[in-house]
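Protein sequence lines correspond, in order, to chains A and B. So the first sequence is numbered by the working numbering: it starts at 1 and just counts up by one. So the second sequence is numbered by the working numbering: it starts at 1 and just counts up by one.
Everything labelled a hint here was simulated from the structure, so no lab data went into it. On a predicted model such as this, the values are computed, not experimentally measured, just so you know. Beta carbons: idealized from backbone N, C-alpha and C, even for Gly. Watch out, some of these pointers could steer you wrong.
If you want a taste of the chain B side facing chain A, the calculated C-beta under 7 Å gives, among others [said to hold, decoys possible]:
1) Q108
2) N140
3) N190
Under the rule of at most 25 Å between Cα atoms (straight-line distance), these lysine to any residue pairs were calculated in the SDA-like manner [claimed, not checked]:
4) K259/B - F282/B
5) K5/B - L268/A
6) K49/A - R23/B
7) K88/A - W273/B
8) K255/A - L268/A
9) K291/A - N316/A
10) K375/B - H39/A
Pulled from the structure, derived: some chain B residues nowhere near chain A, Cβ distances all over 12 Å [unchecked claim]:
11) P19
12) D26
13) I45
14) R142
15) K218
16) I224
17) R235
18) E239
19) E307
20) D352
21) D403
There are 2 protein chains.
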Amino acid sequence: MQTEKFVYFDNINTTFPDPRVVRKIDEVLNFRLGNPSAHIHSAGIAAGKVVDEAREKVAAYIGAAPETLIFTSGATEANNLAITGFLKANPEFGFVCSNIEHFSVLNQIRSLRNSVKTSILDVDSYGLVEPDSLEKVLKNNRSIVSLSLANPEIGTMQDIEKISEICSRNGSILHSDATAAAGLIEIDVNKMGIDLLTLSGHNIYGPAGVGALYVNKKIRLASIFEGGNQESGIRPGTENVPGIAGMGEACEALKGDMKSHEKRLRDLGNDLWKSLQESVRFVNFTGHPEKRLPGHVSFWVEHIEGESLLLLLSMNGVMASSGSACSSNLKAKDEDELMASHVLAAVGVPSDICSGSITLSAGRYNTEEDFNYVKSVLPGLVEKLLTMSPSYDDYMKNKETTDG
Amino acid sequence: MQTEKFVYFDNINTTFPDPRVVRKIDEVLNFRLGNPSAHIHSAGIAAGKVVDEAREKVAAYIGAAPETLIFTSGATEANNLAITGFLKANPEFGFVCSNIEHFSVLNQIRSLRNSVKTSILDVDSYGLVEPDSLEKVLKNNRSIVSLSLANPEIGTMQDIEKISEICSRNGSILHSDATAAAGLIEIDVNKMGIDLLTLSGHNIYGPAGVGALYVNKKIRLASIFEGGNQESGIRPGTENVPGIAGMGEACEALKGDMKSHEKRLRDLGNDLWKSLQESVRFVNFTGHPEKRLPGHVSFWVEHIEGESLLLLLSMNGVMASSGSACSSNLKAKDEDELMASHVLAAVGVPSDICSGSITLSAGRYNTEEDFNYVKSVLPGLVEKLLTMSPSYDDYMKNKETTDG
């Protein structure tokens, strides 16, 4: 039953590096570069130039000035630096986020709530933050608001311009984690009105182990760990020169055909949604039907377990996920806890009839054939699982009784 | 006056990656790996295997079990995790370090001193911690003691086994930053009696952007930032798969010829020391003459500025440093502050007659020819600077007066 097929629909959790990124990293590793802080000799100066060039390329992707970017080890560190680093430097602010944020945002409440006013906003059944509820919270308390551009698990994209308008009108600061959205849509921090933005290298066809935080010039941050004076003293530690170079190259590679890939993936994603709607019995889609990431389709199926469907998909060469990989290795105390995604709970998916959701997330390397393959194979796998499902069996017996 | 010569004596600040490391990273980047947390499909499982294999290789280098290693973004983060992470989980302990530690250790006092008893130990003129003064501090307070295996700026290696014996006898925990020593000497955490050990990828012929913290199984740590459950929940964030793979390969590459390189570099270093002692006027060596890193020679020269000598060396193709590159971009308020290294001050180098020190640090790629070139070129550069030195001019006039 194993197959040679390799149809990767888990781009939300990691993408494969662009060949230009791989070449760049190889070049940098072979270049006998010094430590960028070693300003006194040519090997150190050359390393500093590699970092500077990458900073320009990453900044260009989000329409920012190079000096507004701080390189980090990834999105998790960038999210911690944005929120805890901001609140260390600006302790008079509160902290607001939604109940569908990534754990690297949401869990910061644990350490912040003793010193800072914290609020968690509910989202609606599509995963959207209600502008009114945000306005109400901010009226009472200037805050740093952290809302991701898009949710990885259900694909919903926030109305970020509306949100940023509310934040700035109330003297508040907007941080947005763009990990899920970057690489799929165009981002402009000025147009969007974002003060702090998190980027992840490995989610935009760059390498893992590197990320960046955009910091609007008007904002003061404190570092979250101690050390040397790298990255304007905000992020100590010798720079990840090959990783940073790779992330720069990834942003450079995105530039040319961002719009065309966005349109192509949006059309293919919409088409897949429609196809599954018609061909998969008991399907329930999650997230907003229009305000969503291009090429992202997420759903759960009544009577069957998400995990089982993922496994069957995997055995047929289709790699998908149950939302964010980051939550998949949480140590759950029991099976119920393991199944209950905080995102699904937040959008009101009933935990008694939903046993796990599926996220199909495409990227620029996915072809129309990949989408067609999923369309052709998925309905059959669902049917197979339905025949083995005690819950479906009960349902059918019940139905026969009622119908009969 | 520029030259094509490339004689790299700044290995203490970064090393060049081993060719096997470069190949491994290239392979990993090309392998279409998933997110290691995506346990449900083959691409994710393959990524997890890459991380597991690397963990075994890094562990083998320090004689530890694989599950005792936490991968980080580098030594700075590992030092912060070791100390702040330990004290978060064990708030009844104090914190002790020496006055020649790296800023990523020393500066943690700023955030810790409000909640924890902190002590800074003076070192002697060689940079060695006095066992009695450590014993005295620990008698009053169980502590986490952080002392680096070797100091990057002056090369001195602590008597770590004596120190660990004192720590364990007093119910204290020993953390050691091995950034400067690793790759140059053999390390065995059990023989050395170290509870927490920091390793840096780019200092052992691996890539930048990755490090590791060894954590003795008996020790509980708290994470220093929030997020997913990666690295046993101690270090959240998607794993730096290519960087970790590169660091694993670097450790694997060290194994075979560690001892022979250590002996070769020790002999060449001692020989360089003797040669400079005879050929360089007004030379003052720093650090311990025997208890020091192999291939590491550090000194300052009366009447001349360290920075000028570094510059002339660089123009002649010799790349050296003024100790730790991490301190070279500190924002100093005035020139005095810029010159005064906290390490030189700690070992009693007189700041009125010393204007900056030089660190020549060799690595396994340095040849005997490299050492001979330094021996041949350095004395002449010192003489050239002496002829331009007002201080030397005064000294000579004074001498003539006294002698005449």
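### Task
Please write out, lowest number first, the hints stated earlier that are contradicted by the structure.
Structure breaks hints 2, 3, 4, 5, 7, 9, 11, 12, 13, 16, 17, 18, 19.
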